[in-house]
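Asks: Turn these sequences into a full structure, and let the hints guide you.
The residues making up each chain are set out below.
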Amino acid sequence: MMDKPVNNRAWFLVLPVLLLVAFSAVLPLMTVVNYSVQDTFGGNEFFWAGLEWFDEVIHSDRIRAALGRQILFSAIILAIEIPLGIFVALNMPKKGFWASFCLVLMALPLLIPWNVVGTIWQVFGRVDIGLLGHTLKALGIDYNYVNDAIDAWITIIVMDVWHWTSLVALLCYAGLQSIPDAYYQAAKIDQASRWKVFRYIELPRMQGVLLIAVLLRFMDSFMIYTEPFVVTGGGPGNATTFLSIDLVKTAIGQFDLGPAAAFSLIYFLVILLISFVFYTVMTKDQGGQ
Amino acid sequence: MAAVAESKGRGSAVVMALYLLFLMLPIYWLLNMSLKTNREILGVFSLWPQNPTLANYKTILTDPSWYMGYVNSMIYVVMNTVISITVALPAAYAFSRYRFLGDKHLFFWLLTNRMAPAAVFALPFFQLYSSIGLFDTHIAVALAHCLFNVPLAVWILEGFMSGVPREIDETAYIDGYSFPRFFVKIFMPLIASGIGVAAFFCFMFSWVELLLSRTLTSVNAKPIAATMTRTVSASGMDWGVLAAAGILTIIPGALVIWFVRNYIAKGFALGRV
Amino acid sequence: MTKIILENLAHSYLPNPTKDSDWALKPMNMTWQDGGAYALLGSSGCGKSTLLNIISGLLVPSRGRILFGDQDVTNLPTAARNIAQVFQFPVVYDTMSVRDNLAFPLRNRGMAEADVAKRVAEVAAMIGMTDTLDRRAKGLTADAKQKISLGRGMVRQDVNAILFDEPLTVIDPHMKWELRTQLKDLHRQFGHTMIYVTHDQTEALTFADQVVVMYDGRVVQAGTPQALFDTPEHTFVGYFIGSPGMNVIDAQVNGNIATVEGAQIALMHGFGALSGKTQLGIRPEFLRLSTGDDGLPYQISRIEDVGHHRILRGKVGTADVNVIVPEGQPIPADANRIIPDPAHTHVYVDDWRVDPAKAERAA
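Chain order of the listed sequences is D, L and X.
Residue numbering for the first sequence is 14 to 302, as defined by this note's numbering.
Residue numbering for the second sequence is 80 to 352, as defined by this note's numbering.
Residue numbering for the third sequence is 17 to 379, as defined by this note's numbering.
If you are wondering where the hints come from, they were derived from the structure by calculation, not from laboratory data.
According to the in silico footprint, chain L covers these stretches of chain D (three or more CB under 8 Å from chain L):
| id | segment |
| --- | --- |
| 1 | 20 to 33 |
| 2 | 39 to 51 |
| 3 | 112 to 121 |
| 4 | 131 to 137 |
| 5 | 281 to 292 |
Just so we're clear, the structure is a prediction, and the values are computed from it rather than from any experiment.
Even for Gly, the Cβ is constructed at its ideal location relative to N, Cα and C.
Replies: The structure is reproduced here in structure tokens:
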């Protein structure tokens, strides 16, 4: 909106948020920056280390491998969940009892604590007591997410699809609900095919919510920690060690504060950068003309 | 219109049925396990409990070290929701109604906090809250979760507030309302569904988060999610109790969804459709 | 192009209609002549959009048949009916250019690209958007978008009918007039059957040759604008058409004498003894002010000067009655009576006009 009045006293209204977020974000972040440029030999003595840690992080094969896995994971997640979410949304009932029914059941996985999500799939996939693992074994498929890297990846991806596709679907559903009936009627009269209705009516109307969906799914999948940690603990080997798992291992497991801090900052910046690129690309189209 | 709805045929019903089956099966399996004894879980493979038992639930509901986990979780989740909404309301109003020095930068900076990986903050939070003596308190977790919930609440509320015409504010001032009175008496009822949606999201993200809440607590404020992981590894896989604990963590979420079911779709679009 | 026949058509949105009020559209028979310009007039909720959607095939009627010429199309989908429809709010495909929007219905029917280009150019000229053909539809004003919708409605030349569902709601008043004139021109030029739904009598009367008035799910009268003005068949038509609408006054009618508030006036025809709710309907244009004892007792409460004439607001007994006094004619200070023009005084029983010819035959 262009016609909002200028009023710098509005800062007073923002002040509580500012103080709170400053306390819970800026202060810790400063600690991180502080650590990232210092070294310690124990005790409370710190030395200026310059960009040494950043150098180490950037050249660490371990972190590079984790980054590669992370990017691959997020790419697969987006490639599955976005189209699947759209597809589910298109098939949802528009109103009435069945619409509420679907909405409630679909929202359920979103409100399960993340470690419980991990637990559910850890159990579900087990060959001895899990329905999925047991069934696959009965079908003669050799499946073992504990020892086999591919199986571990498949399990985690299916778990994430199970966990988050509904978010995409609910967002798209909200977008679809905002399309007036007249559009569908006009399309019928214009003899548009089902594909054209999707391409020229539904997809443009979903653009805004899809942006939110892609950004949320990208950010959250890029930060994923709890669910794979519970299911595989990052294994077998390092096969499912994503960035957050690696970071927590470094920071809390080994207490390597310097590298962990440098790693954190780079990690944060990568997310910001990619989110910004997504945002720019997806809104580029909206100018008109 | 009827004709449009009718065009969705049997195909859609099949798609939805399969998708919901996919969503419900793992949860059903957990429920199934929670009603079995450990012997049955490990001994026979069955699609439903042969000798249904509530023993696992009884274990949890009679042992304080278990059920206090739920109490702790609920306490910090509610605290976080109240804090987040309270500070986000005036800020969202400012963003939706005024332009001021640095408003766009501020808004973007707030949102970047939603993008901050919790793992990055785990250690600094631990040190920060330890140094000011808040480690292992509910308020520490509640404040930590504000990191991502406050920006989200501001964003959602701003979306809903922008949908309220500004003439309403002006009319209220002309009628002699003071700002606080106008805000509470007139404006908040207008965006009630927005507040509900924002509260729902704060609840949701605070309830499901584990990394920070586990890092910031040890005994007194330990969340149920953390209780689950630790107890399991200590007691050599008590599957039945684990499953029952899991099912019990799903219930608050299910209740909350039931209350907001009519706003879910709009809510997930953050009021911006 | 063909005529459209509705046979015993009725529609209810409920699965099992029982009461009269369950029906959005009460049983009706009607014929829309090929090439006619029709207006479908009525207040909101009277069933006019329902009727339109049944004709275009967006709704399947609960009962009855629709024929296009000899062909029964009742169960045919919209696409098979070859109908164009323009909606109340602009429907444009946001991501397409104006040109692609206009070409969309043609391309979907597999028309050759050269013909499409030719036809789009023609339509663009009609709606005055030749200059903006290559712009994206998204950034355009509501006016322009609705013009695109109109253009898409008219781009196909072989349509059986073009239906307009209050198409000018979002358009500026001066633009409304211009577009309506253009539609009228197009009708003259191409002779499509056009059905134009509106709740605005001016729009209906200026656009259409035939005006169909709907009230409470029923077609109460279909006729030329003049016929609707001169002989409203239903009190609703009297109210709805004309400004101000027809005066309706409770009366007792016996033979050719009507008694209102103790005063008697002579009617042109004999009606016998009528039973039911009996009313006189007289348009404000056909009432003359007078003094003395003739005519109906009238109490003036207000005089409104609307430029080319004045409107008197007042009462006969408890009924509100308006009188139009032409410019230049004096209003006597002691005027206390009104004298109706017998040729334009109608008698209504239970809201329907009593046809004097039939009444006389019966008597």
